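Enquirer: Okay, here's what each chain looks like letter by letter:
Protein chains: 2
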Amino acid sequence: MSIWFTERQSDGYEVRWLVKRLLHQERTAYQQLTVVELAEFGRALLLDDIVQTTVGDEYIYHEMIVHTPLFVHPAPRRVLVIGGGDGGAVREALRHPTVDAVDLVEIDERVVAAARVWLPEIAGSLDDRRVRLHYTDGFRFVAETDQTWDAVIVDASDPIGPAVGLFSREFHQQVRQRLAPEGVICTQSGSPFFNRELLRQVAGTVAELYPQSGTCLACIPTYPSGLWSFTVGSLRGDPSQPRRRPDFTTRYYSSDYHRSSFTLPPFITHLTSPTR
Amino acid sequence: MSIWFTERQSDGYEVRWLVKRLLHQERTAYQQLTVVELAEFGRALLLDDIVQTTVGDEYIYHEMIVHTPLFVHPAPRRVLVIGGGDGGAVREALRHPTVDAVDLVEIDERVVAAARVWLPEIAGSLDDRRVRLHYTDGFRFVAETDQTWDAVIVDASDPIGPAVGLFSREFHQQVRQRLAPEGVICTQSGSPFFNRELLRQVAGTVAELYPQSGTCLACIPTYPSGLWSFTVGSLRGDPSQPRRRPDFTTRYYSSDYHRSSFTLPPFITHLTSPTR
Numbered sequence: 018m019s020i021w022f023t024e025r026q027s028d029g030y031e032v033r034w035l036v037k038r039l040l041h042q043e044r045t046a047y048q049q050l051t052v053v054e055l056a057e058f059g060r061a062l063l064l065d066d067i068v069q070t071t072v073g074d075e076y077i078y079h080e081m082i083v084h085t086p087l088f089v090h091p092a093p094r095r096v097l098v099i100g101g102g103d104g105g106a107v108r109e110a111l112r113h114p115t116v117d118a119v120d121l122v123e124i125d126e127r128v129v130a131a132a133r134v135w136l137p138e139i140a141g142s143l144d145d146r147r148v149r150l151h152y153t154d155g156f157r158f159v160a161e162t163d164q165t166w167d168a169v170i171v172d173a174s175d176p177i178g179p180a181v182g183l184f185s186r187e188f189h190q191q192v193r194q195r196l197a198p199e200g201v202i203c204t205q206s207g208s209p210f211f212n213r214e215l216l217r218q219v220a221g222t223v224a225e226l227y228p229q230s231g232t233c234l235a236c237i238p239t240y241p242s243g244l245w246s247f248t249v250g251s252l253r254g255d256p257s258q259p260r261r262r263p264d265f266t267t268r269y270y271s272s273d274y275h276r277s278s279f280t281l282p283p284f285i286t287h288l289t290s291p292t293r
Numbered sequence: 018m019s020i021w022f023t024e025r026q027s028d029g030y031e032v033r034w035l036v037k038r039l040l041h042q043e044r045t046a047y048q049q050l051t052v053v054e055l056a057e058f059g060r061a062l063l064l065d066d067i068v069q070t071t072v073g074d075e076y077i078y079h080e081m082i083v084h085t086p087l088f089v090h091p092a093p094r095r096v097l098v099i100g101g102g103d104g105g106a107v108r109e110a111l112r113h114p115t116v117d118a119v120d121l122v123e124i125d126e127r128v129v130a131a132a133r134v135w136l137p138e139i140a141g142s143l144d145d146r147r148v149r150l151h152y153t154d155g156f157r158f159v160a161e162t163d164q165t166w167d168a169v170i171v172d173a174s175d176p177i178g179p180a181v182g183l184f185s186r187e188f189h190q191q192v193r194q195r196l197a198p199e200g201v202i203c204t205q206s207g208s209p210f211f212n213r214e215l216l217r218q219v220a221g222t223v224a225e226l227y228p229q230s231g232t233c234l235a236c237i238p239t240y241p242s243g244l245w246s247f248t249v250g251s252l253r254g255d256p257s258q259p260r261r262r263p264d265f266t267t268r269y270y271s272s273d274y275h276r277s278s279f280t281l282p283p284f285i286t287h288l289t290s291p292t293r
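If you're matching them up, the sequences are chains Z and S in order. Each residue of the first sequence is one higher than the one before, starting from 18 at the first, in our numbering. Each residue of the second sequence is one higher than the one before, starting from 18 at the first, in our numbering.
Bound conformation, chain Z alone:
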């Protein structure tokens, strides 16, 4: 018998994955959590029946959301990751030799637990001595802390369910207060095809709060429409210009790709360049 998992990406568009094995399923305090092995793209973490990450293409999302902001900073030491309980963003942040502290704020402890068991190549760095885990709401964590970070990475799931507050203006105002001088933030801002209003709103908020900002693109096959956006805000450097080059191997990110990824097709430019 063939088992297929169907992901509804819009009212009129669905993706179907052949499931080789159902590895784990539970109802957490926040969401439905599932780990499956897909015939295409391998093991995958699902939240509320939406694919969050797969071992086959996770490198694209995690390299882009981490290296884009970190290479804009001259020497990032302290990194805050909000969301991202799978550990992929933490893993990439730790590859920067200047980084000596990574705080991960994940609301759902069960996501981290499942990733540790089923997605060790993504979650493996969570045991690094430089990492501190905080199981709490990202919005509350940022509002209550008095610490600062060189880079904040908002690795939120879709803007429905527990992550909805992480796309709000109020949240980004709080994050802005927690940045050290030369600080930089990066947030995923959805598909320019399926989440146009979200992208417009996030790009507008970040442009208002930071002296320099920009949106870049990556192609992520397991995400709706394939095209995904990341929005970067910076207190000093131009987000489209990396100041340093990786001294480690990457599969999607490169300094040249960093620069090119901020060149937007005209149909997206008008979304992300609000008239002031």
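It is worth saying that the hints were derived from the structure and are not from the lab. These figures come from a predicted structure and were not determined experimentally. A few of these clues could be false.
Since the list gives no way to pick out one identical chain from another, each pair is judged satisfied if it fits inside one copy or across any two copies.
To be verified - Below, computed lysine to any residue pairings styled on SDA-like, alpha-carbon distance capped at 20 angstroms: (1) K37 x S272; (2) K37 x D66; (3) K37 x R268; (4) K37 x S27.
Following the hints, complete the assembly by docking chain S onto the known chain Z.
Expert: Coordinates of chain S only, in the frame set by chain Z:
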């Protein structure tokens, strides 16, 4: 009742589209031809149950496959389009004011007939006085003609069915003979995720046959994996450097995007840069 059309994109991955209306269906001499109206992306042309083009995102494919090579040429006058019976590539070629002759070679006359009726915004330019239609096999047409063109656009469907020959080395050798000085060719070369061997082969063939060549990328949501590649060969100019700027409105292509689209992520670079 909801009617869904399922497109199998690989053995373990399918896309499902909600169909608002079935507009046309026939078995031609070459393939199954269907026109539907999809809830997402609008009217669509299908060949052998694979989406070829939709009114919602066709501009991405057609702008990239035409403007990328044409803006590398200093003043293209004669353009040959092989495949592309929907007329989208012809429409974009005619927007260049220097172009005074476009030859379209489509093996299946019924594709053109259906596009004229059901996709007039794509096929409308086929009645332009500068256009000549040739209903024959592209491989044979190129082998038998003694004419030359400034740009040849290989707008083939998938490398299965009638289009298989249009990806071969023999075909590209014939095309090379039909180029005027400073001539340029562009062919679609598939998804870097789902058609890796095809991309490697096409990029290698074009690199061998032309003094300058390169592969660029675009994100096309209705194509498998979203990420799509185009390979350009040129007798003179660097394919990644446009020599002119559009004096007409575009939605996806721009001169800046042209340059950026040739920056490939590392995982693709090793496919398209064969060691010689």
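Enquirer: State for each hint whether it applies.
Expert: So, going through the hints one by one against the coordinates:
1. K37 x S272: neither (37 angstroms within a copy, 44 angstroms between copies)
2. K37 x D66: Only inside one copy: K37 and D66 sit 16 angstroms apart there, 25 angstroms across copies, limit 20 angstroms.
3. K37 x R268: Neither. Shortest intra-copy (26 angstroms) and inter-copy (40 angstroms) distances fail the 20 angstroms Cα cut-off.
4. K37 x S27: Between copies only: 14 angstroms across, 25 angstroms inside.
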